[in-house]
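Asker: Here the protein sequences come in this chain order: A and B.
With this note's numbering, letter number 218 in the first sequence gets 218, and the count goes up by one each step, no holes.
With this note's numbering, letter number 19 in the second sequence gets 19, and the count goes up by one each step, no holes.
It should be emphasised that the hints constitute simulated quantities derived from the structure, not laboratory data.
Even glycine gets a Cβ: it sits at the ideal position worked out from N, Cα and C.
There may be inaccurate statements among the hints.
With a Cα cut of at most 20 angstroms, we get these calculated EDC-like pairs of lysine to aspartate or glutamate [claimed, not checked]:
#	chain 1	residue 1	chain 2	residue 2
1	A	K249	A	D5
2	A	K393	B	D75
3	A	K393	B	D55
4	B	K116	A	D5
5	B	K205	B	E167
Covered stretches of chain B (chain A as the covering partner; in silico rule of three or more C-beta atoms under 8 angstroms from a C-beta of chain A) [to be verified]:
#	stretch
6	49 to 59
7	87 to 96
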Amino acid sequence: MKFSDLLFLAFSSLIRYPLRTMMLLIATSIGVMAVILLTAVGEGARDYITSEFRDLGTNLVIVMPGKNETSGGGGPADFAGIAPRDLTVEDAVSLMQIDTIKAIAPIVLGEMPASFGGFERDVPVIGTTPEFLRVRRWEMREGDFLPGVTLDRSPPVCAIGKEVEKELFGTSQAIGQWLRVGDRRCRVTGIIDSEGRAIGIDVQKIVVMPVSLVTALFNRPSLFRIIAEAESRIYMEQIKKDIIRIIKKRHQGKEDITVVRQDTVMSSFDNIFNVLTMALASIASISLFVAGILIMNVMLVAVSQRQSEIGLLKAIGAKNRQINNLFLTEAILLSGSGAILGLILGHSITLSLKTIFPTYNFLPPTWASVVSLFVALICGALFGLIPARRASKLDPVIALSGEK
Amino acid sequence: MIQLKNLSREFQVGNQVVHALDNIDLEIAEKDYVSIMGVSGCGKTTLLNILGLLDTPSSGDYILSGINTSQMNDDEMAKIRSTKIGFIFQSFHLIPRLTAAENIEIPMILAGYSKKMRAEKVAKALARVNLTDRSDHRPEQLSGGQRQRVAIARSIVMEPEVLLADEPTGNLDSTSGTEIVELIEELNKGGLTLIVVTHDKEIGKRSNRVIRLLDGKIIFNQEQQGA
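In isolation and in its complexed conformation, chain A is listed as follows:
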């Protein structure tokens, strides 16, 4: 029997029982769709979390206030949850003594109303130094990013995102104008061309100012974090140790900071989210498995319903293997088309979710589509085996005598 004829015969019986076929298609497609959707959520979560680190430059060491420890200690202070000592601009300055550090970018975060002319809006404000531009790999559309600013020098300048420019300045020239942020004024020196998000903030909406200006603005000395760029990758471990040593000394011998390498953070986040996505995919695969069992049940019913047809096929010369192949092809055809339907549904739902929730990135991974298609096909084949075998083993005499 030729393969195209096999397909034709299997297909003709599928369209003969439209309700049965529809139910099985829906069952399989829900399984595949679940895999696509759940892995899209998993991958989206990974993307959301790692985006902060991903856009950063290379050879970066990140210093965060507070120490996360799951082991040791256990003293009363730990139970009390004593707040860590702040990380300050002075701490950042002290790190300059490490000569393998190429650049230091401290970060202060907050929100303030910004106004120009008659327009005012609340904007996220980042206080930092010019090194931040390179560390974040931002592009400037025009002007300069914080010219003349260092850790200890804070001329009143600022760079603004594209949306801030559009909403506060409209069509008029923004560069050179004085922008009021809170109770301070600063001269707009540059417009950031980049889009996307940094530290969870939309880049197009931000105002970036010198670090000391912002700590004064919020009347709060604490830094959100310090990003240090190493001269080379080989110094990074030593720099980590040096930073801990220096800050510990400055903080009365208390190690109350967390220092991570951007590359190791990336890879550990990647690992965590790979595991998460795999777990989600396996949970979703259970529904594929259930669909497979459903296919088996329905095929078993079909075998007894079509006894006389099987008997006839045997009478006119069908070999057992051909009957077996016929029912197996039907099962695989069912699960295959169900899987394709599920792929289409899953991908169109993630697309529409993307438009409804633009901030969260739903990313159905390619491997999920491929794997779920194959798992569905394998399920169809495996669960089709038993009914197909039963059909091929039918006694033609009994099968033929069965009522139609």
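For chain A, the structure is supplied; the task is to place chain B on it using the hints.
Answerer: Chain B in isolation, oriented as in the chain A frame:
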């Protein structure tokens, strides 16, 4: 052509052994026209099933065209059914979702014939049973007589040597029944060995030879004059 030697077929029904066929010896010549008659339960359908290699004897030998079939496996028997034997049933056994032409095509699909060859043979078979204009009709759109003619076309499309008919007119009115009988008799005159299981005394009278069974034994086996 067909030789049965000491052939028995037993069924186990509960604790009892039923002898559906009991030590049968029978020879059927090539191109013969044989009717097998008897009350229901006498073993005539079992005999037909064994002749058609759908069933295997419990003991004894069945020699078809000089080949002893008792040692054959399932695939070899399927091959013989495909190439040497044609079946016609009381309830036609057409596949309802397929058209007349497609139903006739199935034995050739199973045998792996090319599409072109199949189309030619289907056209020829349809013409032979006078149904060329009904080739695209599904069984439900055909009358009983027409359905049986499709089934006959399917049974002869592989050009078998033996045609086995199980009550071929049982589900038909007398007019179409007569048509069907005339059609298979023509095929017999064309060289096909014809074996019919029937209750119908008319068919019995028309055949060259009548075999009567009772309780699994042949009680009457005689050539008829002037058939």
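Asker: Taking only the CA atoms, is the gap from K393(A) to D75(B) under or equal to 20 angstroms?
Answerer: Distance of about 12 angstroms is within 20 angstroms: holds.
Asker: Confirm or reject the coverage of the stretch 87 to 96 of chain B by chain A under the rule of 3 or more residues with a beta carbon closer than 8 angstroms to the chain's beta carbons.
Answerer: Since 6 is at least three, the answer is holds.
Asker: Take the C-alpha atoms of K249(A) and D5(A), compute the straight-line distance between them, and say whether it is at most 20 angstroms.
Answerer: 81 angstroms, violated
Asker: Taking 20 angstroms as the top limit, are the C-alpha atoms of K393(A) and D55(B) close enough?
Answerer: 13 angstroms, holds
Asker: Compare the distance between the alpha carbons of K116(B) and D5(A) with 20 angstroms, and conclude whether the hinted pair is satisfied.
Answerer: 13 angstroms, holds
Asker: Hint check: K205(B) vs E167(B), CA-CA at most 20 angstroms. Holds or violated?
Answerer: Satisfied, since the Cα-Cα distance of roughly 15 angstroms is no more than 20 angstroms.
Asker: Verify this for me: three or more residues of the stretch 49 to 59 of chain B with a beta carbon less than 8 angstroms from a beta carbon of chain A.
Answerer: With 4 residues close enough to chain A, the hint holds.
The structure fails to meet hint 1 from the earlier list, while all remaining hints are met.
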